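**Student:** Following the hints, position chain B against chain A.
So the sequence lines, in the order shown, correspond to chains A and B. Just so you know, the working numbering puts 602 at position 602 of the first sequence, and the rest follows in order with no gaps. Take any residue in the second sequence, count from 1 to its spot, add 1000: that is its number in the working numbering.
Note that these hints are calculated values from the structure, not bench results. Predicted model, so just to flag it, every value in this text is computed and none were measured. Using N, Cα and C, we set each Cβ at its ideal position, and we do this for glycine too. Be aware that a few hints might be false.
Between beta-carbon pairs, the in silico distance windows are [said to hold, decoys possible]: (1) Tyr1057/B x Phe81/A: 40 to 48 Å; (2) Met602/A x Ala1168/B: 52 to 60 Å; (3) Ile1474/B x Val645/A: 40 to 48 Å; (4) Val1058/B x Leu638/A: 40 to 48 Å; (5) Lys1441/B x Leu51/A: 51 to 59 Å; (6) Leu156/A x Trp1420/B: 42 to 50 Å; (7) Lys1378/B x Val645/A: 50 to 58 Å; (8) Lys1441/B x Tyr72/A: 39 to 47 Å; (9) Gly610/A x Val1058/B: 53 to 61 Å.
Some, not all, of what chain A presents toward chain B, calculated at C-beta under 7 Å [stated by the list, open to error]: (10) Ile615; (11) Gly618; (12) Arg623; (13) Gln626; (14) Tyr633; (15) Trp636; (16) Ile637; (17) Gly640; (18) Val645.
Listed here are the chains, written in short residue letters.
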Amino acid sequence: MTFSLSTLLLAIVVLPLAGAIINGLFGKRLPNSLVGLTACGTTGLSFLLALVVFSKLLRTPLEEIPNLSFNYFRWIQVDNFVASFGFMLDQLTGVMLLVVSGVGFLIHIYSLGYMAHESGYYRFFAYLNLFMFSMLILILANNFLLMFVGWEGVGLCSYLLIGFYFWKKSACDAGKKAFIVNRVGDFGFTLAVILIFWTFHSIDFRIVFARAASFSVEGFASGGVLTTICILLFIGATGKSAQLPLYVWLPDAMEGPTPVSALIHAATMVTAGVYMVARCKALFLLAPKAMLLVAVVGALTAIFAASIGLVQNDIKRVLAYSTVSQLGYMFLGCGVGAFAAGIFHLMTHAFFKALLFLASGSVIHALSGEQDMRKMGGLKDRIRRTWWTMLIGTIAIAGFPPLAGFFSKDEILWQTYSRGHVLLWLVGAVAAGMTSFYMFRMMFLTFYGESRVAPEVAPQVHESPPSMTVPLMVLAIGSVLAGWVGIPHLMGQYLGNLPNTFEQFLEPVLETAGQEAALPPAEGTEWAVMLVSVGIALVGLLLARTFYLQKPALPERLKTRFRGLYITLLNKYWVDEIYDGLIVKPVKTISTYLLWKFFDVMLIDGIVNGTGHLIRGGGGVFRRVQSGYTRSYAGWILLGAVVIVVYISFS
Amino acid sequence: MLMDNLQSLRYFYPELTLIVAMLVVVIVDISFNRLRNVLNPLLTIAALLIAAYFTAYVNHGQEANLFLGMLALDSFAQFFKLFLLLAALLVVLGSLHSEELLQVHQGEFFALLLAVTLGMLLMANSINLAILYLSLELVSLTSYIMVGYLKGDRLSNEASLKYILFGAISTGSMLYGFSLIYGMTGSLNLYTIRDAFLSQGVQGFDQFTILLALVLTLAGFGFKTAAVPFHFWCPDVYAGAPTPVTAFLSVAPKAAGFAILVRFLFSGMTQTSGSEWGLVNGINWPLVLIGISVLTMTLGNIAALTQNNLKRMLAYSSIAHAGYILMGSVVLTGEGLKSMLIYMFVYLFMNLGAFLVVTIIYNSDRSFEIGDYHGMFKRAPFLTFAMGVFMLSLTGIPPFAGFLGKLYVFLAVIEKGLFWFAVVGTLNAAVAAFYYMRVIKAMVLEEGNGKTAPLHVSFLNQALLVALLIPNLILVVFWNPIERWTASSVKLFSGL
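Isolated chain A, as found in the complex (with noise of 0.2 Å):
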């Protein structure tokens, strides 16, 4: 039996979202066994599905790719505005749809076991299903206002999921810290799509692109509209993907359950903006302004999200401010135009990211709900799987050969020195020195040393079951393996010849014409590139060694003669309380004593009850002309018939 690509496309979408009504209707009644067997049956299902799509995709001639696209109905229609609902699959759709329900499959598996124990078992896969079906939405779209959809469907997931516990206090403000945060950027993404069919008179992405291209530069553009759009659908970007300066919920999402922080705010929904924006490369390669934003602001956010990583205690929030670093990487790859990189990346940072999540929710799994790392140590023989899948995944993202974060992450810092970025190229590889070292700082703090768990836990430190460490397991083999896809020429060409095929297979989406190397690819230069990268990588990796096994005393040391410098990263530069009481004090009191007491109360309730009291006392007077009495209302009678006459006669 086999289906038309529309078919399983729309399968792959419906699949998730069939699991998402049944346990968010049913769920109440129905045991957790079935809830979880609906939950992952359907992403499992999908996942298969995806691959399916997949190797119908590799078997598909190059030429006709483009044309993949699928209208199913007309979703709206004014005018000449016309959105449809409607799917498009090219090579960069086809490394998305893998990554999101394959990762997303196995932390369904992960979550079996890890939220065994939690009330709302059927509320949670319910939102977790949810998820996967707008994520899917959004990566599937074969236009803006779909896309947004999508976009907005993982924003109310994310939501959902970060007050999961909405009983904490904590976890309640951190979604709707979350929710509004993203509105700033949602604010960005809308006026850019209405910009886009107010320019192109069309919101399907390969319609726009194509016009975008025929675009003069002198004429209409030189006002700066596809500046404008680019940067705006960047400014979406930001919060989506939690750059500076709104990268402020991302942390704080980590009030979520620890699955929902490696799926949605490690491994796909934070990459949304990534994607978004390699999507519109045919935009951004038009607009050079933008681009160069979105490589000075990825390569900053690199770079002040690693160092606040430095000092943070919570073993999730060191990841969190990890993610938020590792997508700065990604952006600073789209914005000097290297996107295949940024893809690249994404696609590893997605399995060894969801890799570290998953395993630090073992710890934590582990220590009955412990996050801080000055209370753990010692743990490498208690939990051993737990720790060797998790030093995988640091020894991915902190950049060594031959595990996949080297590979993505390498190619980046080349792609932006070769482009002629070396500043940019300079804060990346400082961000890379500083990741190695907070990442081998976790490990040692948790895994190694002496042990400083609480007494009282102690005694109950458990390995995660099965259905926790396969996927670990999984993901563990797929943050080794998954770089070698790309691996660059230059080695490539040592190892009998091998493409970097990553790059060949997103080639026809994502090639980037006319922003080759402006320096000469010299060998040398580059093997000199990637040998400082590994370089910074190994300081850090051995200063973190030094700091926290060796010398215990040093980092106090450090602490009491960098204070300033100390309290700075640690109170993460005091951006929160900036943002308090530059936006949100004025804000509360201007709603408070302008909008709500004033405007509301006095002004409209004033109003409206006035006029309530007003007419009330009418139909008084009303009643009382009423009387019953025949004469009474033959009076006015007369009396109206002779207002009536004097009206008319001097009108």
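**Tutor:** Positioned in the frame of chain A, the structure of chain B alone reads:
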């Protein structure tokens, strides 16, 4: 085409059917003591259906002046006749299980209803002031009896007496107005009257006489449509009459009143030039009608706010709705007329529905007080749902038919540039929302007053409720047939 008496008879079948049926019902009533309670309703229903059949099919597409220019046979009359027959039919069905009417001898009730219907059909047809007056009197006199039908009931008798008094004054003044018009123009035919005004110009007559004649005539129409300030009889009469009669009065004679008003205004007082109307008269009719319309809806709505008796509240509400319908007559365009007809059409279903619910609840609880409706949701969920739909529809909330009526009426005045008038109408609708919602609140939100037994609704009444609910629920989606029907009905006046 002008037809003589014999030629005209074959176009008079609907009315003839009613006359025959009325006589048969009276004979059956005195001849068959045991069967009459079954036969009479059946006869009445059959007569109404046959009359409707004749109206809809036999006379279809014909335009003529019957009986030497007494009655008009046209699509406008056809619309009203079908409308009135449908209203009568629904009221007959609604009255069958009314405990109020079952207490007393029923025979004459059906005969009277047929007589009223006959009168109303003639009103819708008439283009001659004499026949107009006669048909109006036929309607009025039979209505007086129907209002006082509960012989032992003091309120019913009082209502009847008041109705007679006001009816006498109003028709008297109207007749005086007619006589002045006759004196000025020498004719009772509306077209001749218009031609006389046109040929001599308004200046050719005494200004004050014209004014007086028209205002006195207007008083008669105002009485029938219960427009302010000729509405005083309305709340007392509606509250005192048996509920099915009230339902009937609130829809049918009112519609017939609008029919003669439109005919008088559009055939007698204005001329068509292209698709626009020009007034033959120096009188600023629109301004007068706007004034009456605004006063009518505002007073109706505001007075309804403080009523605790649901029948009385619905009486005021029907005054307010007359105000909305008048809005359509103000603009003197085909759109305006069409909007009036659409409004009346949807009003038929929502208002009769609301009165049917009142009848059903009175059957078991013997009360019209809103306070006694508390907790009705638990006792009769379907009834409550139906009432909710009728109330929301009367308010004019979108998914229900009432919205359609308001939409067309407001659109008609907005197209004429009378924005403030539409704003007044909207504000009035907002006020009205309060008392309609109050009924829903009483039925759904308030705690019951001790009664918990499920409320009995007979099968007939349930079927009737469903039949009245359906138009309220679907008309907004399938408004197209109604729009086309009403548009073709007013073609006569739109000069197309």
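**Student:** Mind listing which of the numbered hints don't hold for this structure, in increasing order?
**Tutor:** Violated hints: none; all satisfied.
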